[in-house]
Amino acid sequence: MADDRRGDPAGATPPSRELLSAADVTRTIARIAHQIIEKTAGVEGVVLIGIPTRGTVLAARLAAAIAEFEGSAPPVGSVDPTLYRDDLRRRPARALEDTAVPDTGVDDALVVLVDDVLMSGRTVRAALDALSEHGRPRAVQLAVLVDRGHRELPIRADYVGKNVPTARDEQILVLLSEIDGSDGVRLRRAGADA
Amino acid sequence: MKHLLSVSDLDAAAATGVLDTADRLKQALLGREVRKLPTLRGRTVITMFYEDSTRTRVSFEIAGKWMSADTVNVSAKGSSVSKGESLRDTSLTLSAMGADCVIVRHPASGAAHRLAGWVDRDHATTGTHTSVVNAGDGTHEHPTQALLDAATLRDRLGGIAGRRIGIVGDVLHSRVARSNVLLLATLGADVVLVAPPTLLPTGVEEWPCRVAAELDAELPALDAVMMLRVQAERMHGSFFPSAREYAIGYGLSADRAALLPDHAVVLHPGPMVRGMEIAPSVADSPSAAILAQVSNGVHVRMAVLYHLLAGAPE
Amino acid sequence: MSDLLISNARPYGGDAVDLLVRDGVVTEIGRGLDAPDGVEVLDAGGHVLLPGFVDLHTHLREPGGEESEDVATGSAAAALGGYTAVFAMPNTDPVADTAVVVEHVRRRGEEVGLVDVHPVGAVTVGLEGVKMAELGTMARSRAQVRMFSDDGRCVHDPLVMRRALEYASALEVVIAQHAEDHRLTAGAQAHEGVVASRLGLAGWPATAEETIVARDCALAREAGAALHVCHVSSARTIDVLRAAKAAGVRVSAEVTPHHLLLTDAALTSYDPVHKVNPPLRTGADTRAMREALAEGVIDVVATDHAPHAAQYKDTEWAAARPGMLGLQTALSVVVHTMLEPGLLDWRGVARVLSERPAEIAGLPDQGRPIAEGEPANFALVDPDGAWTVRGAKLASRAANTPYEGMRLPATVVATVLRGRITTTQGEVRS
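Listed in order, the protein sequences are those of chains Y, P and V.
Position 191 of the first sequence, counting from 1, maps to 191 under the UniProt record's numbering, and the rest follow consecutively.
Position 221 of the second sequence, counting from 1, maps to 221 under the UniProt record's numbering, and the rest follow consecutively.
Position 380 of the third sequence, counting from 1, maps to 380 under the UniProt record's numbering, and the rest follow consecutively.
Any given hint could be a false lead.
What the hints assert, rightly or not - Within a straight-line C-alpha distance of at most 20 Å, the following computed EDC-like cross-link-like pairs (lysine to aspartate or glutamate) qualify:
| hint | chain 1 | residue 1 | chain 2 | residue 2 |
| --- | --- | --- | --- | --- |
| 1 | P | K36 | Y | E178 |
| 2 | P | K26 | Y | E178 |
| 3 | P | K65 | Y | D86 |
| 4 | P | K26 | Y | E133 |
| 5 | V | K245 | V | D271 |
| 6 | P | K2 | Y | D87 |
| 7 | P | K65 | Y | E133 |
| 8 | P | K36 | Y | D129 |
| 9 | P | K36 | Y | D158 |
| 10 | P | K36 | Y | E133 |
| 11 | V | K393 | V | E128 |
| 12 | P | K65 | Y | D129 |
| 13 | P | K26 | Y | D103 |
| 14 | V | K393 | V | E340 |
| 15 | P | K36 | Y | D86 |
| 16 | P | K36 | Y | D107 |
| 17 | P | K26 | Y | D129 |
Derived by calculation from the structure, the hints in this document are not laboratory data.
So that you can see chain Y by itself, here it is in the shape it has in the complex:
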């Protein structure tokens, strides 16, 4: 789960507003893939690391899109930041997610961390700590599908699918077909029933 204040989108049929349609999501992922290729000069030495669970799915989609344009896919993995979070003691112990670093490792790689929503930046901070335990990348970049603002740490994304100004108590629902059955991004207003 990428951000504290986002609800569980699975099976949600809430009174919510569509921000991105399924087609928008596909287009946005393709755009980010192009940006990564451009900015990393042909994805040489790039490793995509998703932040579970939807960041991992997005990382796989990005890799597939890159393969389509470049002919080969960069290695994909995932790193669960939970064990490195600074807010563990504020809630009951939570379930851990997948950590799978590609066999090639991350030493001297250009790691692109991938998540669905960027908000406070605390998850990314924890993910950076977790990542550093697995090696020393040449550089780390960040790709997110949605940046909704409200940063609490000096962290910014290198690749942003869509910037969405939100109120703190609103929720961003990212739906991905691998998990949720269909693609889309929706904004749920405060007080809406779950």
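Dock chains P and V against the given chain Y, drawing on the hints supplied.
Structure of chains P and V alone, referenced to chain Y:
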């Protein structure tokens, strides 16, 4: 989860949750040079062992250290315990010193339950919410051993539900057997106990398992067989005539191991009496998961500490 | 001083009457009696009047165990529970195996003066089961010991038991046996059964009681001696007792209140307040105890009142001492388990708590009928006085009641010893 005293504290979902966490922790540490997670930084974990058990104590200690907890080992020898201090006073003292977790091994059944009761009752006075982990109490339970056995079986068999698992030997005096029968049954396994009648407790017929007398008849249908330790002191208590006769009836010889299906796993909680309980060739064969049990033990105990200590106190 | 008018009391739950007591003896029973000048009136308020209770099995802990109980606190607990006589078990420190010790206990009882304290003498020196103690000297001492027991331990050696029974038969005293074959109960911590197997507590098999009772009945028959079986706990022991009684053996038996009410299901908390010897058994056993008590195969209820200071109970199960308080809760438990289900009426309650125990121990002045010319030893019981048990509020020095927080029926509102009020409304009168 506040304490882990018995596997009956865990329903199937909670037990699976612990096993899943153990798998994730193993993943998170895989291939790393520095096996250290910051998760329990600043938490104090005390192991208090009133019986010698290097294996279990070290496993808990490593689990705590890999999670960055401060681990302190108290042994009954050389502490105020040997000066006649009661278990209650010792545990409250440790709680008042700020122990977030006390891991206790004690020869009396129910000692961990009592300890949890005392630290809960007096937490306002000690100022600490102390979690208690039962690391083996008398002939009652050893929940983390059952969890690590379940983790090992899940690894090797791909699951536990519907698998048939034999537990062989001194069930009467075995806390490992009690915890395993309960946990494996909770997870949907079909458990069979095989032992001479003198080493089965009165009342075993109410346990969630079957009891069989003939080991050879059970072996071909088992997915796993767990050989229990026969404690040396039992050999002189007329529970069975001789080590030789025990080995003939209940030891896992090479011939007997050959009756197991190819995929079957052989477990032993250790320390093993080679020859009597298990033939050396069987203990060292690929079907034996005895060392996997040991390494899974660390991850399972990390998972238990994670569930007890990482989140907000209950 | 021991003159008293008890007004509006219902003997055995029958019609209300007044009773005039002079010099500790009932002189007149009738309606509308007037108190002579200077005679205190006890308004019984229509409550049930029973003969004062007699407990054949109490641990007063004095000498040597005063951190848990002494004769004064134990006597107070007894009087508050409706008792006018108790038998104090000899497993003290020093053991009550000589005339000196039993006379000391007897004298302490008289000094306190709330109940008749009858010391029980040890059968063997030091309770060690080897050498017979001086039964005759104790019987003829000022303490007039009528009952001997190694309670807490079984007189295990059949030859020692045989000789003790034979010797006792000439003294016309009774041997009370703690029936436990310790070879079968080595390390035992709980009733051998489903609960103990699950909790990993070594089992105390019912056969360890049954076999000793069977053996002792055979020995008592041969010796023509009186045998009393302490704290029967197992249903199968009852079959042995029934057969022995039918065969004319002079055997009597007691059951404790806790074996009438509690089962080993209580053990799952591992709180040693439930640890007792013999152990709490199953629901089938408690049912069998109640039926046997109603039938008379079990003669009496005896408390096995066993106070233990907190340090002996606030431990892990195996380290805790066995035993539980019983004197102040016995009547309530008997009402709850026997009277309320209709297994006994008030006359039956009087029989099992007072008359039969006095008879077994050969007390001439206790357990007598409520009648003119009889000693005025009474327990006045409010059958509707349900109460909640709080260990800290009981008179015993220790608080190890297994009924903590339980709501039980019937309250002892007054106790009278030879015409003197020893307790009223839950307060001891000194």
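Okay, the hints, checked on the actual structure:
1. A threshold of 20 Å between alpha carbons decides the hint, and for K36/P with E178/Y the separation of about 33 Å lies outside it, so the pair is violated.
2. Taking the CA atoms of K26/P and E178/Y, the gap is near 26 Å; set against the 20 Å cutoff, the hint is violated.
3. Only pairs whose Cα atoms come within 20 Å are accepted, and K65/P paired with D86/Y is accepted, the gap being roughly 19 Å.
4. With a C-alpha separation of about 14 Å, the suggested pair K26/P and E133/Y falls inside the 20 Å cut-off, and the hint holds.
5. Taking the CA atoms of K245/V and D271/V, the gap is about 38 Å. The hint is violated against a cut of 20 Å.
6. Taken as a hint, the K2/P and D87/Y pair is honoured in the structure, with Cα atoms around 19 Å apart against an allowance of 20 Å.
7. Between K65/P and E133/Y the alpha-carbon distance is near 16 Å, which keeps this suggested pair within the 20 Å criterion.
8. At most 20 Å may separate the alpha-carbon atoms for a hinted pair to count; K36/P and D129/Y meet this at roughly 12 Å.
9. For the hint linking K36/P to D158/Y, the alpha-carbon distance of about 30 Å lies beyond 20 Å, and the restraint is violated.
10. Only pairs whose Cα atoms come within 20 Å are accepted, and K36/P paired with E133/Y is accepted, the gap being roughly 9 Å.
11. Note on K393/V and E128/V: the hinted pairing is violated, with a Cα-Cα distance of about 36 Å set against a maximum of 20 Å.
12. Distance restraint check for K65/P and D129/Y: the Cα-Cα separation of roughly 18 Å lies within the 20 Å cut-off, and the hinted pair is therefore satisfied.
13. With a CA separation close to 16 Å, the supplied pair K26/P and D103/Y stays within the 20 Å bound.
14. Between K393/V and E340/V the alpha-carbon distance is near 26 Å, which puts this suggested pair outside the 20 Å criterion.
15. Simply put, K36/P and D86/Y have alpha-carbon atoms about 16 Å apart, close enough for the 20 Å limit, and the pair holds.
16. Restraint check: the Cα-Cα separation between K36/P and D107/Y comes to about 18 Å, which is no more than 20 Å; the hinted pair holds.
17. As the CA atoms of K26/P and D129/Y are separated by approximately 17 Å, the hinted pair is consistent with the 20 Å bound.
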